[in-house]
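Each chain, letter by letter, is given below.
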Amino acid sequence: MSTNNPFDIDLPDARGHFGIHGGRFVSETLTAALEELTEVYEKLRDDPEFQAAFDKDLAHYVGRPSPLYFAERLTEECGGAQIWLKREDLNHTGAHKVNNTIGQALLAKFMGKKKVIAETGAGQHGVASATVAARFGLECKVFMGSTDVERQKLNVYRMKLLGAEVESVTSGTKTLKDAMNEAMRHWVTNVDDTFYIIGTAAGPHPYPMLVRDFQSVIGREVQRQSEEQIGRQPDALVACVGGGSNAIGLFYPYIKYPEVAMYGVEAGGLGLDGDQHAAPLSKGRPGVLHGNRTYLMEDENGQIMGTHSISAGLDYPGVGPEHSWLKDVNRANYVAATDDEALDAFHKLTQLEGIMPALESSHAVAYAMKLAATMDKDKVIVVNLSGRGDKDIHTIAALDGVTA
Amino acid sequence: MSRIKTAFATLEAAGKKALIPYITAGDPQKEATVPMMHALVAAGADLIELGVPFSDPMADGPTIQLACERALAHNTSLRDVLPMVAEFRKTDNNTPVVLMGYLNPVERMGYEAFAETAVAAGVDGVLMVDLPPEEAVDVADFFKTRDLDMIYLIAPTTTDARIEAIGKAGSGYVYYVSLKGVTGSKALDVDDVARNLDRIRKHVSIPVGVGFGISNGETAAAVSKVCDGVIVGSAIVNLIATNAEDSAAAQQAVSALVNSMRTALDA
Numbered sequence: 072m073s074t075n076n077p078f079d080i081d082l083p084d085a086r087g088h089f090g091i092h093g094g095r096f097v098s099e100t101l102t103a104a105l106e107e108l109t110e111v112y113e114k115l116r117d118d119p120e121f122q123a124a125f126d127k128d129l130a131h132y133v134g135r136p137s138p139l140y141f142a143e144r145l146t147e148e149c150g151g152a153q154i155w156l157k158r159e160d161l162n163h164t165g166a167h168k169v170n171n172t173i174g175q176a177l178l179a180k181f182m183g184k185k186k187v188i189a190e191t192g193a194g195q196h197g198v199a200s201a202t203v204a205a206r207f208g209l210e211c212k213v214f215m216g217s218t219d220v221e222r223q224k225l226n227v228y229r230m231k232l233l234g235a236e237v238e239s240v241t242s243g244t245k246t247l248k249d250a251m252n253e254a255m256r257h258w259v260t261n262v263d264d265t266f267y268i269i270g271t272a273a274g275p276h277p278y279p280m281l282v283r284d285f286q287s288v289i290g291r292e293v294q295r296q297s298e299e300q301i302g303r304q305p306d307a308l309v310a311c312v313g314g315g316s317n318a319i320g321l322f323y324p325y326i327k328y329p330e331v332a333m334y335g336v337e338a339g340g341l342g343l344d345g346d347q348h349a350a351p352l353s354k355g356r357p358g359v360l361h362g363n364r365t366y367l368m369e370d371e372n373g374q375i376m377g378t379h380s381i382s383a384g385l386d387y388p389g390v391g392p393e394h395s396w397l398k399d400v401n402r403a404n405y406v407a408a409t410d411d412e413a414l415d416a417f418h419k420l421t422q423l424e425g426i427m428p429a430l431e432s433s434h435a436v437a438y439a440m441k442l443a444a445t446m447d448k449d450k451v452i453v454v455n456l457s458g459r460g461d462k463d464i465h466t467i468a469a470l471d472g473v474t475a
Numbered sequence: 065m066s067r068i069k070t071a072f073a074t075l076e077a078a079g080k081k082a083l084i085p086y087i088t089a090g091d092p093q094k095e096a097t098v099p100m101m102h103a104l105v106a107a108g109a110d111l112i113e114l115g116v117p118f119s120d121p122m123a124d125g126p127t128i129q130l131a132c133e134r135a136l137a138h139n140t141s142l143r144d145v146l147p148m149v150a151e152f153r154k155t156d157n158n159t160p161v162v163l164m165g166y167l168n169p170v171e172r173m174g175y176e177a178f179a180e181t182a183v184a185a186g187v188d189g190v191l192m193v194d195l196p197p198e199e200a201v202d203v204a205d206f207f208k209t210r211d212l213d214m215i216y217l218i219a220p221t222t223t224d225a226r227i228e229a230i231g232k233a234g235s236g237y238v239y240y241v242s243l244k245g246v247t248g249s250k251a252l253d254v255d256d257v258a259r260n261l262d263r264i265r266k267h268v269s270i271p272v273g274v275g276f277g278i279s280n281g282e283t284a285a286a287v288s289k290v291c292d293g294v295i296v297g298s299a300i301v302n303l304i305a306t307n308a309e310d311s312a313a314a315q316q317a318v319s320a321l322v323n324s325m326r327t328a329l330d331a
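Just so you know, the protein sequences line up as chains A and B, in that order. Mapped onto my numbering, the consecutive letters of the first sequence carry residue numbers 72 to 475. Mapped onto my numbering, the consecutive letters of the second sequence carry residue numbers 65 to 331.
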């Protein structure tokens, strides 16, 4: 590496900033809790006992390392670069989310907090939070927009089975952003005994940093597995971006190696020309929401806009601040896949590889298929298959006109 | 001297405490706001906190969330709120007006453009709940150079070191959030407020207003013993909500509440 590599820098800065993004834009009551969390985390991130506990659960509870799998038939179908899948869908609870909830539940435990709260859109983070709450004996409350409660009934039931209380949120657009508002309101009221497990690499400092750190096990494993299985590092990384935690987890260890291209795939919804999408990096502009400055979908008056995506997990008007920085410095490319492209990719991967991806991850697969076709056959793309599609079967069945 | 400074100085000279009502601009209609501001003053308000509607009011309870939703239903934006203040100023050049809300509408308008327009409209101070002093360092000059007061929150959880920093960064007054919770919460503990005010006074020389959980004259009077002003939001906004169809009835109900609080404060 050359010494003046602009990407070989340690972010965020002490105040949680990634370039102009990130920071800690919260009402005063929460500041002390965030300062305490930052202090505790700064100590624990290098603490061998904490790291050992984290690694142990990742290995024996989550089932890591997750495989890096060569999707041979999908590759043939696209006729270009090799497509490899990082199989986060095989994790316990079926998605990458659990890497983070294990880490944050351990933090809660080390901080002596007995109650945890979480926000959830599709329900994956809610399930992952309820799961670790059961595992660590913590009381768990999950905030979920009433629209999402309706369209993700199975996950709601899962959370209840795991002993969590699901709070249906009826304010605003009744989706993920409103669930996050309500979780913040609950936290401000119960800040003394409650730990807030944020589900993505966004929110006030130190959340974007600590979620990234917990998720970056994905990228580190890919580095090792690529060396072992392919004999070299990939040419391109592809991951879907809602809040962006699976993407930053894959990207982070690679940021300082600019020869590896990175593609974050946002939810293009019905297309980027209208406003029925959830693609703040592609179409939004920087603003402040949920404790951080980042690219947002907002109207001309700074009001946050409703979003649309076929996948509830990408249906969010903001994005993690580190992605906003990676966009500003042109280190990562942010692109979009539409609902239809994601659905098509879902069917392709299911039929060609026998792997049913989550609709979120299907966006990444969709873009990787396009990208692969433009690259030579000796090139390598690693796609983060962030979750499995079981939870989406009803959505897909309904779209295909199948009634169970 | 700024209107806010003058107002607190006049009150102090008279041995009185400030009564600071909050309403959300554009709730329930844009036309209702300026007449309601005048009604508040007539009923005994010393300073008005005018809420700028935001789609995601994270620090607010259901009452003010719904007020924002009512105001946003007919698109009341920051661009509408500033002319309301200008309109109010045509007949009231004394009562300070503080804009209260969230950062993003200001961020979208641009700090300099906002500060410029706000001053021209007759705004005296700005309180953005999700802009703590640390994040304001880069933009505070846009406000300071135009004598717009930056009003910051202090919470029960705020450390002494931060209280000191906030006391230095803020001007006009500081807003002490009486409890851990959102606006419209019920359980204000007067003794707890008194203890924290002792702590705050050690580091803060500007006036201290107390808000959250103050909904009647009795609580207002009790809290006012230890601070310089009381802020009343959700109790007023509730009356506006229940009289949303009838602006005369809303003004009457709000005036009666503000008046009873004025009487209790001055007793």
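Rather than coming from a laboratory, the hints here were simulated on the basis of the structure. These numbers come from a predicted model, not from an experiment. Honestly, I wouldn't trust all of these hints.
[Claimed, not checked] Just the calculated beta-carbon pair ranges, DEER-fashion: (1) B:T223 - A:R206: 30 to 36 Å; (2) A:R206 - B:D330: 57 to 63 Å; (3) B:T74 - A:M182: 17 to 23 Å; (4) A:G234 - B:H102: 53 to 59 Å.
Glycine included, C-beta positions come from ideal geometry on N, C-alpha and C.
Verification of the supplied hints:
Separation of T223 of chain B from R206 of chain A is about 33 Å and conforms to the stated range, judged on CB atoms against 30 to 36 Å. Taking the beta carbon of each, R206 of chain A and D330 of chain B are about 59 Å apart, inside 57 to 63 Å as hinted. In this structure, T74 of chain B and M182 of chain A break the distance hint of 17 to 23 Å, their C-beta atoms being roughly 48 Å apart. Between G234 of chain A and H102 of chain B, the C-beta spacing of about 55 Å keeps the proposed range 53 to 59 Å intact.
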